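K.L.:
With chain A's structure known, arrange chains B and C on it following the hints.
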Amino acid sequence: MDVRLTGWKAKNLRGGLRDVDIDLGDNPSRWTLIQMPNGTGKTTTMELLRATLNGVDLPAKTVRELRADDHVETGFFEARLLVDRQPYRLQLELDFRDGSATPWTVQEKERGGGREEGRNLPADLRTLLKPTLTELFVFNGELATDIIDLTKSSAAGAIRALYGLDTLESVTKRVDSLIDLEQRRAAAITTAKERKGINQLKNAFDEARSTNARLEQQQKSTSARLVELEQERARLQADIQERMSEDAGLRAQIEALDEKQQEVDTNAVDLSHQALEALRRPAYVHPTLLARLQNLGGKLYELKLPETISREFFSELAQQERCVCGRPLGHDERHEIVSGAQRYLAQDQISVINQMKLALRESQGDPDELSTTIASLQAQLDERRRIKAERDRLASEKIAEGDEVLRKLREDVAGLSDEITALSGTLERLTTKDPSRQRALRLSWETNQPLCEIELKARDNRLQTATRTRTFSLQGEKLKAIVLATSRQALDILRDRVRLSTNDKLARIFATEKIEVARIGGSLELRTAGLGVKGGASEGQKLAIAYAFLTSLLAEAPYRLPFIVDSPAVSLDAANRREVGALIPDFFNQMVMFVISTEREGFAEAFYDRPSADVCFLTVTPKGGGSVDIAEGLTAFKSFHSKEG
Amino acid sequence: MQLDPAISEAMDAVLAGHPDQSDTFQRRYRNLVELVLGGNYQDADVRRVMELLSVSLEVDD
Amino acid sequence: MSFTLPANVRNFFGFEGPRAFARSRTAKRDTSARFLLFDAFYCCMLLGLDQAKLGDASRLEAANFIIGYPEAYKGQAELIAGLLVDAEIRRLEIQPDDRDDIERQMVHLLDLSSPSRLSVDGDDLLNRYAVSGFDRLKVAMTECDNLEDFLVGYHRIWTQSRVA
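Residue numbers (this note's numbering), protein chains in the order written: chain A, 13 to 657; chain B, 16 to 76; chain C, 1054 to 1217.
In case anyone wonders, no lab produced these hints; they're calculated from the structure. Among the hints, a few may not be true.
[Stated by the list, open to error] Coverage of chain A stretches by chain C, computed from C-beta distances (three or more under 8 Å per stretch; other residues unrestricted): (1) 314 to 324; (2) 361 to 367; (3) 375 to 386.
Everything numeric in this text was worked out from a predicted model, so none of it was measured. Using N, Cα and C, we set each Cβ at its ideal position, and we do this for glycine too.
Bound-form chain A, shown alone (with noise of 0.2 Å):
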C-alpha cells in the first residue's frame, strides 16, 4: 500500500492558520521543502496532521486553544492522501464551543464516493495508523535523540508499531475473555475451576465408577447363585420324586397326583381367563352394579330424559317464515324462540345421552355368571393346596417310616427356598427401576444399581464440564504462548533486518568514523565499526543515524508512508546539515520537511541542484491579521528574510 500526501487545508484556526491550502498537487514531488517561519503554525499543522490520521480524540482544551479569535465559532482542518492512488480527504470539524472535533472523510469517487463522518480508510491503514506510528512519520526532529537515547524504548516500539506486533498481542485479551465466559458457563454446573478441583470431582467419579462395577458384579453372581439353588431344588424335587416313585406303590398314588396337578393348573388358568373376561364387563360385576345400570336407563326413560327436541331445531324454527302451527314469524316471535331455545339441549348432548341410554337398556348381564367362575377357581386353588398337602403327606410318611434320605432332601429343599426368597430379595434390591420401590426399600446409589447409573452419569457430566473448561483454559494459555512467542520472534527478526539495513545505509553516510547499530534492544545501540560500543555520538550523526534506522523501518515496511518532520536538521551544524542534507532525502519515497530560513544553509541548499521536477519549494509568508502568503518556487524560496537569526 502506497500512501502519499498531497495536501491540507486550515480554516480559522490560530498561527498562520487562519486560511490556509497547500495544494501538493496530485503527483507530489518527491521532495517538498516548506518555509514556514516559527509562529506560522508548523506545529500546530503537524498536530492535526497527525490527529487527522491516527484518529485520537483531540481533549476539548486542545481544541479550544485551536481558535483563531473571538469572532469565529468553528474551525477546520482537512489532510488530503492518495491511498494506492485513490484520493481521500481525512477533515476534522472543529467546534471550538462544546470543544468537540468531528472528523469526516470525503473519497472523491468516479460514481459514488462522498461525505461521510469518520475516519473512513481501508481497514487495514486504519487500523496501522497509530499514534506511536504516526509519530514516526510525521515526525518531529527531537524524537530522533530519543531513538538513541538508551532510556526510552522508542525504536522497539516502533517496530512493534509498524509490524502490527502490539495488534497481534492482543489476541491475548481475546483469550482471557473467552475463557472468563466459558468459565462462568460452567459455573452453573460445576465451580471446579482449579486442578484440585478436578482432582475431587474425578476421585467421586472413580468412585461411582467402581461402585457401579461392584453392583454390576454382584447383580451377576446373585443372579447366577439363584439360578444355580432353583436349578438345585429343582433337582432335589426330582429325586424327592423319584424316590417316592421307587416305592411301587407309592408310584401310582404320585402319577395320580401328577396328572390331577396338570389338570388343575390348567383349568385355573382357562377359569382365571374367563373370570377376567367378565370383570371387564360392569353389567358381568356383581348384581348391584347391573341394577344401578337398568335403573338409570329406567329413570332416563321415566324422565322422559333427553328431550327429543334439540336447540337446533328451534334455531332453525326461528329462520322460517312460518312456525309448525303455521302462524307467520315475525321479529319478537323470532326473538322469544330463539331465546327460549336456551333452555333446551343442543343436538350432541342428546346424543350422547340417548347412546348411553340404549346401551343401559340393552345391558345384560348374568349375575351369576362371575361368581360360578370364581367359585370353580377357588376350587381348583383349593385342588391345588390338597394337591400339595397330600404329597406332603406322602412324603411325611415315608420319612416316618424311617426313610432319612427323604426326610433330608425335603430338608435341603426347604433351606433351599429360604435362600432362594432371601437372594430374590438381594436381587430386587440390587435391580429395582420402581422409584416407589426403591423409596421402599430404602435403597440408595451405593445399593441399587439403577440409581447407581444415574449417579455415575451426574458425576461424569460435572467432570467432563469441568474438564472441558480447564481443557479450554489450557488451550487459551497455549495459544496465548504461541502468540506472544511469535511476536517476539517477529520483533527479534525484524530488529536484525532493520538493523542491518541501516547500518547498510550507514555505512554510506559515514565515510570516516564507521559507527553502525550493534543492537536494537530498546533504543539503537551504536558502535564503532571493530571497536567497542559507541558512547555519544554527535547531534548530526544522531540525526543521520535516527534517519537511517527510520528509512529501514518505513521503506521496508508493509505500507510506503510519506515522511514528514519539522525541522529536520535545525540542531545541526552548518557542516553536518550538509551531510544530512545530502543523504538522506534519497531513503524516502515522498519527504515534506518544515524548515525554518536557518536551515537553508546547508540543509535546504542541498536541494537546489536536485532535479526541478523532483522538488517542489514552497514559502510561507506571514501576511498580519493571521493570514499567509504562499509563494512557490526556489526563487522565493532563496529570498526569503525572516526575522529570525
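P.N.:
For chains B and C alone, kept in the frame of chain A given last:
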C-alpha cells in the same frame, strides 16, 4: 494484505517448536495471524483456533 | 380421556413395566391371562364408584398411563359412563325425580366427542373414584403375587360387603 516475511518466518520458527500440534491447527493459526493483522477477525475465530490445540490435562496433585 | 393411576397401585399389583404380578417367581407367565394396568385402574374405580366417595386428587400419579380405553374395554364406555352418572347422583343426593338436576349432571359429565364419552371433569372424577377405591382395596385384601388369588380375593370384596 500480504504478511511480512518476518511474521511468516517467526510463525515457522515458533510452530516448529510445537510439532505435536495438528496441521489443521498450524494452518488455522497462520490464517488467524493474518486476519488479526488486517483487523479482520472476531472472537469466534480465536475460539476455533484455540479448540484445535491439543493439550494434556495433568491430573496430579 | 386421560386415565391416571393412584399412587402405589403399580407396587400393589407387582407391576414391572407393563407386566403384573412380576415379583412372583412361580407364576406360569406364558399361559396366564394378561392383567393390564387398566384392569388395575378399573378394579379400583369400580370399588370407588360403588361407595360414591371421591379420593384426593393429590394421591394420583403425576402423569396419565393411557389415553382412552384399551381394546378389551372398547364396548364398555357407555356403561362406565352410566355408573359414573349413577355414583354422582348418589353422592350429590340428587332426588330421583329431579329431572332438571339429573339432566344438568349428565350434560356436565358427558361429552360425545370424547372416546371415553366423558368430559374432562368426568375423567377427573373417575380418577378420583379410583383413589378411594384403591384405599378400600388395600383395607380389604393383602398384596397378591399372582392373578388367580387376586381374582378370588377381589370378587370376595363384592360379595361380602354390600353398600346400598
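K.L.:
Confirm or reject each hint.
P.N.:
Taking the hints in turn, this is what the structure says about them:
no.: 1; hint: 314 to 324; verdict: holds (count 4)
no.: 2; hint: 361 to 367; verdict: holds (count 5)
no.: 3; hint: 375 to 386; verdict: holds (count 4)
In this structure, none of the earlier numbered hints is contradicted; all agree with it.
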